[in-house]
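Number of protein chains: 2
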Amino acid sequence: MSQELNRDDVDVYIREVGLRDGLQNVKTFFPTEAKKEWISAEAAAGVIDIEVCSFVPPKLIPQFADALEVIEEAKKMGNLNVCALMPNLKGAERGIEAGVDQLNYVTSVSETHNLQNVRRTPAQSVEEFKAIVECRDRRAEETGKRVTLLAGCATAFGCTLEGDIDSSSVVSVARQFVESGADEISLADTVGYANPSQIKALCAEILDVVDVPVTIHLHDTRGMGVVNAFAAYEAGIRRFDGCLAGLGGCPWAPGATGNVVLEDMAFMFEGMGVRTGIDLKKLCTVRDIITRELPDEQLCGGLAKAGLPLNFSQATRLSAAAE
Amino acid sequence: MSQELNRDDVDVYIREVGLRDGLQNVKTFFPTEAKKEWISAEAAAGVIDIEVCSFVPPKLIPQFADALEVIEEAKKMGNLNVCALMPNLKGAERGIEAGVDQLNYVTSVSETHNLQNVRRTPAQSVEEFKAIVECRDRRAEETGKRVTLLAGCATAFGCTLEGDIDSSSVVSVARQFVESGADEISLADTVGYANPSQIKALCAEILDVVDVPVTIHLHDTRGMGVVNAFAAYEAGIRRFDGCLAGLGGCPWAPGATGNVVLEDMAFMFEGMGVRTGIDLKKLCTVRDIITRELPDEQLCGGLAKAGLPLNFSQATRLSAAAE
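For the protein sequence lines, the chains are A and B, in the order given.
Going by the working numbering, 328 is the number at position 317 of the first sequence; the sequence numbering is gapless.
Going by the working numbering, 327 is the number at position 316 of the second sequence; the sequence numbering is gapless.
Don't take each hint at face value.
Because identical chains cannot be distinguished in the list, a pair is counted as satisfied if it fits within a single copy or across any two copies.
Subject to a maximum C-alpha distance of 25 Å in a straight line, what follows is the list of computed SDA-like cross-link-like pairs (lysine to any residue) [what the hints assert, rightly or not]:
id	residue 1	residue 2
1	K316	N128
2	K292	E190
3	K316	G284
4	K70	D20
5	K316	E173
Simulated from the structure, these hints should not be mistaken for lab results.
From a predicted model like this one, the values you see are computed outputs, not experimental measurements.
Go ahead and model the full structure; you've got the sequences and the hints to work with.
Okay, here's the thing in structure tokens:
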């Protein structure tokens, strides 16, 4: 079963998570002005779902010290779905206060990983998520603005600490999230373990049991990012996270785990006749901002280096995307 | 319709083309002893189909000046399918004389590209292929050894000079090759233009009209190598060319067009439960030979850098592959 979208000018949603998942491991502080420039340029290229920051305490990750300022600017851009990561209830409160459109809460299905990462069992994380839903509902009544809550199942396809993760555990956590009030679910191949058969099977299973939109969040650690996006699409998934230039660590850097290259994934879909709403040429030029600010990062991705094929015709109507 | 294999211990054939397609654009001469070492190490890892050289005149590509010596050594290795590229009838004669198991003849379906590349129309190339078949048949009668002839359709998914290539042209060339006596056909995405939908459609069409084995030959120029291999597999293709470390130019080097990374592709299949006959860990160590001889080449591929997932279990029975 494939999922409905509430826009009629695209066939898939591609969300940029580079400003959060990409930058969170980058030691160099990406200047606030450059973050704004990145968001603005990518929105102009047609990427209108952007995770712009994390509410992880700046003490832990200084990269996000400017979260409020970045959100403020992103909100001014109008037709943008401004998303942020919330590590906990406190982060949710800050995010709602800041006026984001969507908050992203991530729990690792692997108990070992979740305990190591946030010192909670997955069940305890689900309990916290319930508190977040209550907080959101209360604030929605007070302010009239209802923030969308996305609940992510990390290590859904395997874990570096536990190895295989049983699909029934993923289904269980996803179901609990939905029953607790999640508006959307995401499945993350956090460490790049997944293969396309596994992706197809688990995505189909999840789409069968949950009745909310499901996003797939892929890492390219072992070169499977794009193929797993295709497999997810075949299984009916219509929402994809990605990261310009595969930021967040490139497989060419030892041990790093980059996100799937957004522009290559978008190129695949556009070639297939699947509308992303993105102007691929414009999108590739946004990489210049990353190159300028992070000259020592090795950017990933084939499309930007090779350019579009001769006479390539996008499925997306570019005049509309360019507006 | 998926294709039958004549080995019962694998589900797909993966052929190493790095010593030919990978090295042909490398200016540094890869020492003959190192070529032998590469072939031997990769065969020990279970890759037993290897294109070991090209019969392009050494004046044009000095890298292949040692073709005869490399073939002689590869033949000694026993259970190896020794393949070589032949650019023309003269190359075919040399290859048959040298005693290879398989000769690979490539024609570009794009007339403009074929004219530029070998100064012939595709129709003229098919005529030459007929002469090659006659030569092969004559020599088979004389010697009792029948060399297998693989006919490749290059630019089957698009061309940098012509743009789109009509699938009917590909079908026409493939059909002519088979009618002329080709034992096998290959479809090549020479310049990395293909997307998985296109791959599925054309592979299915070709498998419907030809009754010989079909190989897919992919380049990773725009990051589509692995996904296109998956799409081809879904369409029924069971033979795949690849190149260790994506040699032949990395998308990270401007304008270069690397082959699909063999070890990442094999990892995908093994994860899916599809037996390649390859020991992935052993295979990754073979990269050391390339690193040693070509220290300035940037090697591609995620698996070798990240390693196998925790508790990863290969579909291939490794004790057998290790023999």
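Against the structure, the hints come out as follows:
1. Only between protomers do K316 and N128 lie at most 25 Å apart by alpha-carbon distance; the minimum there is 24 Å, versus 36 Å within a single protomer.
2. In this homomeric assembly, K292 and E190 never come within 25 Å of each other (Cα to Cα): the closest approach is 41 Å inside a single copy and 43 Å across copies.
3. Only within a single protomer do K316 and G284 lie at most 25 Å apart by alpha-carbon distance; the minimum there is 22 Å, versus 33 Å between protomers.
4. For a Cα distance limit of 25 Å, the shortest separation of K70 from D20 qualifies neither inside one copy, at 41 Å, nor across copies, at 55 Å.
5. When the C-alpha separation of K316 and E173 is checked against a cutoff of 25 Å, the pair qualifies only between copies, where the shortest distance is 20 Å, while the shortest distance within a copy is 37 Å.
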